[in-house]
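Protein chains in written order, with our numbering: chain A, 304 to 416; chain B, 2 to 112.
Source of the hints: derived by calculation from the structure; they are not laboratory data. Any given hint could turn out to be false.
What the hints assert, rightly or not - Calculated lysine-lysine pairs in the DSS-like style (CA-CA distance at most 27 Å, straight line): (1) A:Lys-360 <-> B:Lys-80; (2) A:Lys-360 <-> A:Lys-320; (3) B:Lys-3 <-> A:Lys-314; (4) B:Lys-43 <-> B:Lys-3; (5) A:Lys-318 <-> A:Lys-360; (6) B:Lys-80 <-> B:Lys-46; (7) A:Lys-314 <-> A:Lys-360; (8) B:Lys-43 <-> A:Lys-318; (9) A:Lys-360 <-> B:Lys-43; (10) B:Lys-3 <-> B:Lys-46; (11) A:Lys-314 <-> B:Lys-80; (12) B:Lys-80 <-> B:Lys-43; (13) A:Lys-360 <-> B:Lys-46.
Stated by the list, open to error - Below, a sample of chain A positions facing chain B; criterion: calculated Cβ distance under 7 Å: (14) Val-315; (15) Leu-346; (16) Phe-368; (17) Glu-388; (18) Gly-410.
From the three backbone atoms N, C-alpha and C, an ideal C-beta is built for every residue, glycine too.
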Amino acid sequence: GAGVSQSPSNKVTEKGKDVELRCDPISGHTALYWYRQSLGQGLEFLIYFQGNSAPDKSGLPSDRFSAERTGGSVSTLTIQRTQQEDSAVYLCASSFWAGNTIYFGEGSWLTVV
Amino acid sequence: RKEVEQDPGPFNVPEGATVAFNCTYSNSASQSFFWYRQDCRKEPKLLMSVYSSGNEDGRFTAQLNRASQYISLLIRDSKLSDSATYLCVVTPSGSARQLTFGSGTQLTVLP
Numbered sequence: 304g305a306g307v308s309q310s311p312s313n314k315v316t317e318k319g320k321d322v323e324l325r326c327d328p329i330s331g332h333t334a335l336y337w338y339r340q341s342l343g344q345g346l347e348f349l350i351y352f353q354g355n356s357a358p359d360k361s362g363l364p365s366d367r368f369s370a371e372r373t374g375g376s377v378s379t380l381t382i383q384r385t386q387q388e389d390s391a392v393y394l395c396a397s398s399f400w401a402g403n404t405i406y407f408g409e410g411s412w413l414t415v416v
Numbered sequence: 002r003k004e005v006e007q008d009p010g011p012f013n014v015p016e017g018a019t020v021a022f023n024c025t026y027s028n029s030a031s032q033s034f035f036w037y038r039q040d041c042r043k044e045p046k047l048l049m050s051v052y053s054s055g056n057e058d059g060r061f062t063a064q065l066n067r068a069s070q071y072i073s074l075l076i077r078d079s080k081l082s083d084s085a086t087y088l089c090v091v092t093p094s095g096s097a098r099q100l101t102f103g104s105g106t107q108l109t110v111l112p
């Protein structure tokens, strides 16, 4: 479809393992965001990419989290040495430009056991 | 003070009722305002943008009060399918980092 695509939709991993989450934004959208949402909680901003500018990483909770965006399109969020508190849904969103309406993917549900 | 504050609810209303939510924001430079809807275990989806002059989409009316720094959402003739969490989003123009989500107001429409 033409929406934001995320994979995997569900991931169960053992504590201490690394995980990679992928986001394919809407074609033509220059801005891409990662958010995290724990069950019953609000959205927590993680990182933001805008075109070729340096990403805003100010929301990443620790140095175990990193993200990259290749070619201004697909983005990968990597969590190293996962902890149980990393369990959450990781939502990617994109927008045509900064401050414009953002559209979310269905999220990647991460469970760390 | 949080950048964006919402009454978490829950609001439990009967079908057909009119319900209103408010959202206050602290940054007077905020330029763009939106209401999103989030169903249980689903991603947020845009409900409507909020324009300075106020705007209406069917049973939904959004208003902006810059002087008092709040936005509102009014739902008339509520339906069971309106049950969801409603998130307000505020951002200064051109500064997507400050795209700030409220924590949401939970609405349950009862039969």
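Verification of the supplied hints:
{"no.": "1", "hint": "A:Lys-360 <-> B:Lys-80", "result": "violated, 40 Å"}
{"no.": "2", "hint": "A:Lys-360 <-> A:Lys-320", "result": "holds, 22 Å"}
{"no.": "3", "hint": "B:Lys-3 <-> A:Lys-314", "result": "violated, 32 Å"}
{"no.": "4", "hint": "B:Lys-43 <-> B:Lys-3", "result": "holds, 25 Å"}
{"no.": "5", "hint": "A:Lys-318 <-> A:Lys-360", "result": "holds, 24 Å"}
{"no.": "6", "hint": "B:Lys-80 <-> B:Lys-46", "result": "holds, 18 Å"}
{"no.": "7", "hint": "A:Lys-314 <-> A:Lys-360", "result": "holds, 24 Å"}
{"no.": "8", "hint": "B:Lys-43 <-> A:Lys-318", "result": "holds, 25 Å"}
{"no.": "9", "hint": "A:Lys-360 <-> B:Lys-43", "result": "holds, 25 Å"}
{"no.": "10", "hint": "B:Lys-3 <-> B:Lys-46", "result": "holds, 23 Å"}
{"no.": "11", "hint": "A:Lys-314 <-> B:Lys-80", "result": "violated, 35 Å"}
{"no.": "12", "hint": "B:Lys-80 <-> B:Lys-43", "result": "holds, 19 Å"}
{"no.": "13", "hint": "A:Lys-360 <-> B:Lys-46", "result": "holds, 24 Å"}
{"no.": "14", "hint": "Val-315", "result": "violated, 16 Å"}
{"no.": "15", "hint": "Leu-346", "result": "holds, 4 Å"}
{"no.": "16", "hint": "Phe-368", "result": "violated, 17 Å"}
{"no.": "17", "hint": "Glu-388", "result": "violated, 19 Å"}
{"no.": "18", "hint": "Gly-410", "result": "holds, 5 Å"}
Violated hints, listed in ascending order, are 1, 3, 11, 14, 16 and 17; each of the other numbered hints is respected by the structure.
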